[in-house]
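Here the protein sequences line up with chains A and B, keeping their order. For what it's worth, the UniProt record's numbering labels the leading residue of the first sequence as 1, then goes sequentially. For what it's worth, the UniProt record's numbering labels the leading residue of the second sequence as 1, then goes sequentially.
Honestly, I wouldn't trust all of these hints.
The calculated lysine-lysine pairs, modelled on DSSO-like cross-linking and capped at a C-alpha distance of 27 Å, are [stated by the list, open to error]:
no.	chain 1	residue 1	chain 2	residue 2
1	B	K26	A	K6
2	A	K6	A	K32
3	A	K32	B	K26
4	B	K192	B	K247
5	A	K282	B	K260
6	B	K26	A	K26
Derived from the structure by calculation, the hints contain no laboratory data. All values derive from a computational prediction rather than experimental measurement.
2 protein chains.
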Amino acid sequence: MERLPKYLHRSQGGLWLTEDERDNLKISYRIKDVLFEEDSPYQHVMILDSHEFGPMLVLDGVVQTTSMDGHIYNEMISHVPMTVHSRPESVLIIGGGDCGVAKEVVKYEEAQRIDMVEIDEAVVRASKQYMPEVSGNLSDNRIRYHYTDGVKFVQDKCEEYDVIIVDSSDPVGPAQMLFELDFYDNLQSALKDDGLMVCQSQSPILHQEVMKQSYERIGSLFPYLGLYTAVVPTYPGGLWSFTIGSKQELPNPDELTFDKDAIYANEDLLRRCFSLPAFLQKLLDEETASLAAVDS
Amino acid sequence: MERLPKYLHRSQGGLWLTEDERDNLKISYRIKDVLFEEDSPYQHVMILDSHEFGPMLVLDGVVQTTSMDGHIYNEMISHVPMTVHSRPESVLIIGGGDCGVAKEVVKYEEAQRIDMVEIDEAVVRASKQYMPEVSGNLSDNRIRYHYTDGVKFVQDKCEEYDVIIVDSSDPVGPAQMLFELDFYDNLQSALKDDGLMVCQSQSPILHQEVMKQSYERIGSLFPYLGLYTAVVPTYPGGLWSFTIGSKQELPNPDELTFDKDAIYANEDLLRRCFSLPAFLQKLLDEETASLAAVDS
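Please work from the sequences and hints to get the whole structure.
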């Protein structure tokens, strides 16, 4: 009998991955081929070549990024903070094992130091080899790879970074720590006195509680707070949120300038990603009011 | 043995709908209850109460709209044209059997005549009864319901409408005619000399060919052309496109004003929905250049 990799099944004569993350909604991808499979010390890592989205990085059976749309998420989590900060010389990337964030960050000449902290070396190795559209097959010598726990890495850092980008997976398993107040507090300490951090904060529609919690926690630590959205076709809910905590006042989005080569991002879109749907703006206004009440 | 409605199956002790529309990507929704089921003369119509998205309208096994996110699509296909046109007194809605577009259009006092043309009376009846969050349970006496073929309805109309909204399902089966050049040509004739039309033109990521085709066909008939996007969480690809063909020059989006009560739409978002991702702007620039070459 055929040995199928974990999480895959055969149906209608084809090979399928069915994401089992949610109880009430299941997404199934038809798979051409298993390009990479390894049980790392942290998780089950696969690169699956899919019919609809090309090669996809799959961790513990959940799709993290695809060759077709991975650039959207990676461009938006990178170019917004790198553009909002006036001179991002020292950058820390936490997570981002697919190397897609690093690929965007190296486009900034002023970034002289780029630390990338990914707990799982297998993810980096697999992504570089099988998803060059996402990873960019990076060999830029400004990047220092640290295969260690991001939570521990930032604990003893003090005012070292201009920009910190937290590219985590969903807040279950190892990534849960990357959504905790203690972690954000350490990021705050690791940032220079005009530094800023950004993290993915899940879907404002399907994971509104997680988004609100990140917003509140970051808002309790940073004087300036921002939230923007992008569309990520292969993430459930489509609309995705990113939260910025900053030590310096955020610029007017209409004054952002952007001249990098990108597939999804352009100057107009970066300026306008802070324009939020009515329900989301209302929710954030309420959060902002309650954060202000705590402060006073 | 239990009789299951068409398109539903039992698995893991639950009732599921699996959309079979795409060969390589399947989305499965866990279902609480079948609220409505009817084989109409045109299609199989169901309202299914789902765990993740609440009641959903399902035609021939494909989810059309849900109580949770139906307002996003309906607000964006309605408020953009109604705001772009300076005085939309006479409005034609083609399709839109869930009544969600009509619900938004009646918010405009200046709209004195609202014709809604839906081929399938069963869709309207089911939506009004089981999805009031979407349909609004409309009884506004400005709306005239025409249960007939939208393609035939517009054939003999001449300069009658300010705004025409084409809220079609995907371009397969009966809705295919609503993506044809002849149909757009009839819409052109049915519009007053400063009128405009809008249609949903599918995902710019997963259905780029359909989107390009609509853009080219509408561009060959109307002097002014626009394209905007919105996020529709339950549509595959998340990012959705809408194409406008207009007889009058389109206003600068930054000058649009909007004061209606809505869940997703607000003035900022309506102004900014015309800001497109880099790849999409580039694609439309190429299309515009080739349309200009045909004209000259």
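- [ ] Sort out whether K260/B lies within 27 Å of K282/A, counting only the CA atoms.
- [x] Between K282/A and K260/B the Cα gap is close to 15 Å, so the pair holds against 27 Å.
Task: K26/B paired with K26/A [C-alpha distance capped at 27 Å] - done: OK: K26/B and K26/A at ~8 Å, within 27 Å.
Open item on the list: Just to be careful, I want the Cα atoms of K32/A and K26/B compared with a cutoff of 27 Å; is the pair within it?
Closed with: holds (15 Å)
Task: 27 Å Cα cutoff - pair K26/B, K6/A - done: Holds: K26/B and K6/A sit about 19 Å apart, inside 27 Å.
- [ ] Compare the distance between the alpha carbons of K192/B and K247/B with 27 Å, and conclude whether the hinted pair is satisfied.
- [x] holds (8 Å)
TODO: Assess, step by step, whether the Cα of K6/A is no farther than 27 Å from the Cα of K32/A, and give holds or violated.
DONE: holds (15 Å)
The structure fails none of the hints (numbered hints given earlier).
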